[in-house]
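Novice: Chains E and F, in that order, are what the protein sequence lines are.
To convert, note that position 83 of the first sequence is 83 in my numbering; the numbers rise steadily by one, no gaps.
To convert, note that position 122 of the second sequence is 122 in my numbering; the numbers rise steadily by one, no gaps.
Some hints could be false.
What follows is a list of derived Cβ distance ranges for each label pair [to be verified]: (1) E:Arg-20 to F:Asp-157: 24 to 34 Å; (2) E:Asn-296 to F:Asp-157: 38 to 48 Å; (3) E:Glu-34 to F:Ile-130: 50 to 60 Å; (4) F:Ile-20 to E:Cys-12: 20 to 30 Å; (5) F:Val-233 to E:Glu-34: 44 to 54 Å; (6) F:Pro-169 to E:Ser-17: 31 to 41 Å; (7) E:Ile-287 to F:Tyr-17: 52 to 62 Å; (8) E:Ser-88 to F:Tyr-17: 17 to 27 Å; (9) E:Ser-88 to F:Pro-169: 33 to 43 Å; (10) F:Ile-20 to E:Gly-136: 42 to 52 Å; (11) E:Tyr-15 to F:Asp-157: 36 to 46 Å; (12) E:Asp-115 to F:Ala-35: 43 to 53 Å.
I should point out that these hints are in silico values taken from the structure, not numbers from a laboratory.
Beta carbons are placed, not taken as given, at the ideal position from N, Cα and C, and that holds for glycine.
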Amino acid sequence: MSEQAIHLRRVCVTYGSRHRTVPALRDVDLDIAEGEAVALLGPNGAGKTTLMHVLLGILSPASGLARVAGHSPRRAVTAGEVGAMLQSTGLMRQINVGELVRLVCALHGSGPDADRLLNEVGLTDLARRRATRLSGGQQQRLKLALALTGQPRLLLLDEPTAALDPQARQAFWASLRQRMAGGATVVFTTHLLAEAQAFASRVVVIRAGSVIADGSVAALVARLPSAEVSFIPEKADEARVAALRSAAGVVSVASQGGRLILTTTDVDATLAAVYASGARPRDVRIIRPSLEDAINDLIDQES
Amino acid sequence: MIRYALTDAVCLIRSMYFLIFSVVFSAAFYVMFTAVADQGNGDPGYSTAYMVAMAVSGSFFGALTGAGIRLGIERGDGWTRQILLTPLTPARYLAAKSLTAWLAALPAILVVFGLGTALNDVSLPIGRWIAVAGICWTGSLVFVTMGILIGLLSSGDAVQFVALGVFFPLAMLGGLWFPTDTYPAALRSFDAVLPTTAIRELGTSLALHTSGGVARWVVILAAWALLTAAGAVGLASRVTRTTR
Chain E
1 MSEQAIHLRR VCVTYGSRHR TVPALRDVDL DIAEGEAVAL LGPNGAGKTT
51 LMHVLLGILS PASGLARVAG HSPRRAVTAG EVGAMLQSTG LMRQINVGEL
101 VRLVCALHGS GPDADRLLNE VGLTDLARRR ATRLSGGQQQ RLKLALALTG
151 QPRLLLLDEP TAALDPQARQ AFWASLRQRM AGGATVVFTT HLLAEAQAFA
201 SRVVVIRAGS VIADGSVAAL VARLPSAEVS FIPEKADEAR VAALRSAAGV
251 VSVASQGGRL ILTTTDVDAT LAAVYASGAR PRDVRIIRPS LEDAINDLID
301 QES
Chain F
1 MIRYALTDAV CLIRSMYFLI FSVVFSAAFY VMFTAVADQG NGDPGYSTAY
51 MVAMAVSGSF FGALTGAGIR LGIERGDGWT RQILLTPLTP ARYLAAKSLT
101 AWLAALPAIL VVFGLGTALN DVSLPIGRWI AVAGICWTGS LVFVTMGILI
151 GLLSSGDAVQ FVALGVFFPL AMLGGLWFPT DTYPAALRSF DAVLPTTAIR
201 ELGTSLALHT SGGVARWVVI LAAWALLTAA GAVGLASRVT RTTR
């Protein structure tokens, strides 16, 4: 496998007929190095799943270049370089969980044994159950086992934790961290931004088929300069509020339910001003922008 | 590919739908129309000829279930997409499905032939048993290609209707269930070009040691096999599409 796990250049994908086409991806450029954990974020219909399908060779770009692990996407999959979980997949009928994992292990010809994988995803006790009779969350864990079969160097996961309970979600990310420690590259889509913030070293935001932001979580959040300082003042006369309004960094001051809310670009200076104002603040809260705020702001700007 | 086909065949055998419509129905029809209510009107070769016909009928449904119905359902369920995320290529997947379907054609042949011996004293030299079974099983390859074509044409619940829509007319007009000479002339005219008639005629003429236009039936079978295989190859790219 080359150093570049994913290399996309000016990739365009369109849906529809010759007479009426809908662009799904527009000139997407993306390079992901080995070992990165990248979250693909964006609203529904942004093109995240389409991008996953291109990376797996399920969809061919109308134009542009797509290379995965130094190969064409389809070849990378058949070479066992890629493991994937997709939203649009199901399970084989009339087969037990254990048989299914053993079958996929056999197709890979190598990789970890089925029992170890079942244990890793917590399905050992359900190995004899029909795969299609598992609950939604259990099926998702089984799909993770299938994705991990063959020890792929690149994992492409489309909303992998959608049906998982919090405990299973924790175990899921623990599994992936283990893979990452072994050098695997992980690319995942999610609408749970806390997961992206916790797991991804890099975030790629897609909107209407285009990449609108690409960077670390910290860098994306830093795009939003303002934070909120709020408190319940014991003394909040007009003069004090006016003084706070002109304090360093303060962008605006609002009052809500007895609290004063100051939007500021400089939390430290604003806090100093609040205490210096003599307003005698109680229950002081500082709310810094989250990844969700940053994404929403980006999407609003692009709109 | 072999491993996938064998696992798939085991799963298919667990399907009540396959067991009932391919094996149990063929066996029950054979027993009913030969041992329970003899419809042969004293024809000494009737139980042998009907044995071949029901073996072809069962193998037809087995191959259709193994290939077409299962392929269409797997495309609809999204299993096809899931398995193609492994090193199994679309071509190998379709080859495995074809092998599964061909294996699925065998149980009905064996069960009905066993019943012919056990209940109706059908007796053939061992070499001829093997040859007749071989004709029925080799002939069922046309049902395999037909099944793959159906599984690529339709998916989800629709595939069962399409498969049954092919199975019933071809089985009935091909004289697998009832002798075609009892049909009106308009219906009877179809049987001369059907693959079901061809396999039945080839098997029966060998089992009863009669001559019956072998070359013509072989040409008809080959034509059906080529046409359906060409159709399946033409639609093979659909295997990566899913209805989910």
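Novice: For Glu-34 of chain E and Ile-130 of chain F, compare the CB-CB distance with the range 50 to 60 Å and indicate the outcome.
Specialist: 58 Å Cβ-Cβ, so the 50 to 60 Å window holds.
Novice: Given the range 24 to 34 Å, decide if the beta-carbon distance of Arg-20 of chain E to Asp-157 of chain F lies inside it.
Specialist: Between Arg-20 of chain E and Asp-157 of chain F, where Cβ atoms are some 29 Å apart, the hint holds.
Novice: Mind checking the hinted window 36 to 46 Å against the Cβ distance between Tyr-15 of chain E and Asp-157 of chain F?
Specialist: violated (25 Å)
Novice: Just to be sure I understand the hint, the distance between the Cβ atoms of Asp-115 of chain E and Ala-35 of chain F should be within 43 to 53 Å; is that true here?
Specialist: Distance hint for Asp-115 of chain E, Ala-35 of chain F holds at roughly 49 Å.
Novice: Okay, Ser-88 of chain E versus Tyr-17 of chain F on CB: inside 17 to 27 Å?
Specialist: About 25 Å separates the Cβ atoms of Ser-88 of chain E and Tyr-17 of chain F, which means 17 to 27 Å holds.
Novice: In this structure, is the beta-carbon distance linking Ile-20 of chain F and Cys-12 of chain E contained in 20 to 30 Å?
Specialist: violated (50 Å)
Novice: So the hint says 31 to 41 Å: do the beta-carbon atoms of Pro-169 of chain F and Ser-17 of chain E match that?
Specialist: holds (34 Å)
Novice: Using the C-beta atoms of Asn-296 of chain E and Asp-157 of chain F, is the stated range 38 to 48 Å upheld?
Specialist: At 41 Å between Cβs, range holds.
Novice: Kindly confirm whether 42 to 52 Å is satisfied by the beta carbon distance between Ile-20 of chain F and Gly-136 of chain E.
Specialist: violated (30 Å)
Novice: For the hint 44 to 54 Å, verify it against the beta carbon of Val-233 of chain F and that of Glu-34 of chain E.
Specialist: Taking Cβ atoms as reference, Val-233 of chain F and Glu-34 of chain E lie about 39 Å apart, which means the hint is violated.
Novice: Does the Cβ pair Ser-88 of chain E, Pro-169 of chain F satisfy 33 to 43 Å?
Specialist: Because 35 Å falls inside the window, the suggested range holds.
Novice: Just tell me: holds or violated, for the beta carbon distance of Ile-287 of chain E and Tyr-17 of chain F against 52 to 62 Å?
Specialist: The hinted range 52 to 62 Å holds for Ile-287 of chain E and Tyr-17 of chain F, with Cβ atoms some 59 Å apart.
Checked against the numbered hints given earlier, the structure breaks hints 4, 5, 10 and 11 and satisfies all the rest.
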